[in-house]
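Here is what each chain is made of, one letter per residue.
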Amino acid sequence: MSADFDRDAPLLRVRSVAKDYGSIAAVREASFNLWPAEVLAIVGESGSGKSTLLDCVSGRLKPDTGTVEFMTRHQGMADIHAMSEASRRMLARTDWGYVHQHAESGLRMGVSAGANIGERLMALGERHYGDLRAQAADWMARVELDEARMDDAPRSYSGGMRQRLQIARNLVTRPRLVFMDEPTSGLDVSVQARLLDLLRSLTHALGLAAIVVTHDLAVARLLSHRMLVMQRGRIVEEGLTDQVLDDPQHAYTQLLVSSVLQP
Amino acid sequence: MNPTAPLLRVTELSKTFMLHQQGGAHLNVLEGVSLEVRPGECVVLHGPSGAGKSSLLKCIYGNYRATRGSILLRHLDEEHDIAYAAPRTILRMREHVVGYVSQFLRAVPRVPTLDVVAEPLIGGHARASEAAMEARYRAEQLLLRLRIPMRLWNVPPATFSGGEQQRVNIARGFMRMKPLLLLDEPTASLDEDSRSTVIEMINEARDSGAAIVGIFHDARARNEVATRVVEMNELGAARAAQDTE
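Protein sequence lines, in the order shown, are assigned to chains A and B.
Each residue of the first sequence is one higher than the last, beginning at 222 in the numbering used here.
Each residue of the second sequence is one higher than the last, beginning at 44 in the numbering used here.
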């Protein structure tokens, strides 16, 4: 009866992914789908395996077992860990974005903000200097950065500005899927709120699918449609974000929700 | 579409919270509730605190997961069971069929009031687009009608009084009219003028064919909006329904 909405193809299909570090099972039997334009939050305490799972599904780490399939533009569903290194890099540069917790890890700190944004376009073959500059200016405006700062290196930017720049650098190639690892947790609370609002309106306006790893349930509530709760490497609960937060079923989720001041 | 067919059919709905932190205690909040609501009807849930009125609204909205029973919502002549629907189906129903005005406003901090209200209509449109301008225009009309002073429109609602926040919440809830509207004490902390404006808005929505399920503690508000009152007792069971029309 309600299956009709689930019939359309997922953008990402994760099946039975597992990853051990020596004798420690970091991720066990993780399976989930992500649909186009859907924002999925992965929450859990540190050590729950959420970052390892993100690394596995974003192609940065090869799982021991299981598959991660992505709906490619030309070849349909393809296992990202079975494709060539070159194809996976191409995906990472074009159809995917990756927003790191620390902007320094995702930016080139010594080159100008404009070049940071233009670089991903150049990797796609864009060479016209005027066009690159115009696109960089456009994206700086979209993430609410002052265009006049385009020739400054991100070293001279504040933490919040760097994070905005990292987002612009990722979105300029119009990716279909963005991975975000604790995107707001390194920032002052006052800066966090504006950045969350920006992320929310950008994902909505661009119809972006995203996977957001966060330990902050309030961030999950504001950004995500659906969430997965991880404990000791396992997904223990999943569902509609507000339902999981307001009516948690699993003992661990109940503990998590009841432990925060105001989820 | 048959206009007299129920838009919402709740059948034998039960909700039990399992509290793992309290040694696995069970808390029954709803027990065998059945309810049908048609377009143009305003059903008011009435009963003491703890009777499960808010829980029933939250189950219908998909915010709480039903333990037993079904919650059928009609969309494009097809019924979807919210009690068992996938998250994506529930989100689709919220987009097209069911709206919910909670008791308290929950907004992204530091976002101006006008944007908080306009958001449900701006959706995926770019902020400078014509659709977004129209959404802002409608938001302004609602804020004017609800007497939120213009000087507050560009201020985030966090510092507003309880009554002002509630009016912002109502404005947001009325931005996009949905076939089914769930209202959790929308008039609770309002002054007399605002109260009658909100009652007027609810009645306009009902008369233009919306189905409404609401909780109103104030007897006068109840009498002014209800086409039917459903009594709920302490056991969270809906009992005798009486017509007040």
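Treat the hints with care, since some could be wrong.
[As the list claims (entries may be wrong)] Footprint (simulated), chain B over chain A, 3 or more residues, beta carbon under 8 angstroms:
id : region
1  : 305-319
2  : 345-353
3  : 380-393
4  : 474-481
[Stated by the list, open to error] Computed, partial: chain B to chain A, Cβ under 8 angstroms:
id : residue
5  : Gly105
6  : Leu119
7  : Pro155
It is worth saying that the hints were derived from the structure and are not from the lab.
Glycine included, every Cβ here is placed at the ideal spot set by N, Cα and C.
Outcome of the hint check:
Proximity of the region 305-319 of chain A to chain B, defined as three or more residues with a beta carbon under 8 angstroms from a beta carbon of that chain, is not established by the 0 residues found. Residues of the region 345-353 of chain A with a Cβ under 8 angstroms from some Cβ of chain B number 0, which does not satisfy the need for three, so the listed coverage is violated. Only residues whose C-beta sits within less than 8 angstroms of a C-beta in chain B count toward coverage, and the region 380-393 of chain A has 0 of them, not enough to reach three; the restraint is violated. Note: the region 474-481 of chain A has 3 residues with beta-carbon separation from chain B under 8 angstroms; the three-residue rule is met and the coverage holds.
With its C-beta approaching chain A no nearer than about 6 angstroms, B/Gly105 sits inside the 8 angstroms limit, and its interface hint holds. Because the smallest distance between the Cβ of B/Leu119 and any Cβ of chain A comes to about 10 angstroms, over 8 angstroms, the interface hint for this residue is violated. Taken as an interface hint, B/Pro155 does not check out: its beta carbon lies about 10 angstroms from the nearest beta carbon of chain A, beyond 8 angstroms.
Hints 1, 2, 3, 6, 7 from the earlier list are contradicted by this structure; the remaining hints agree with it.
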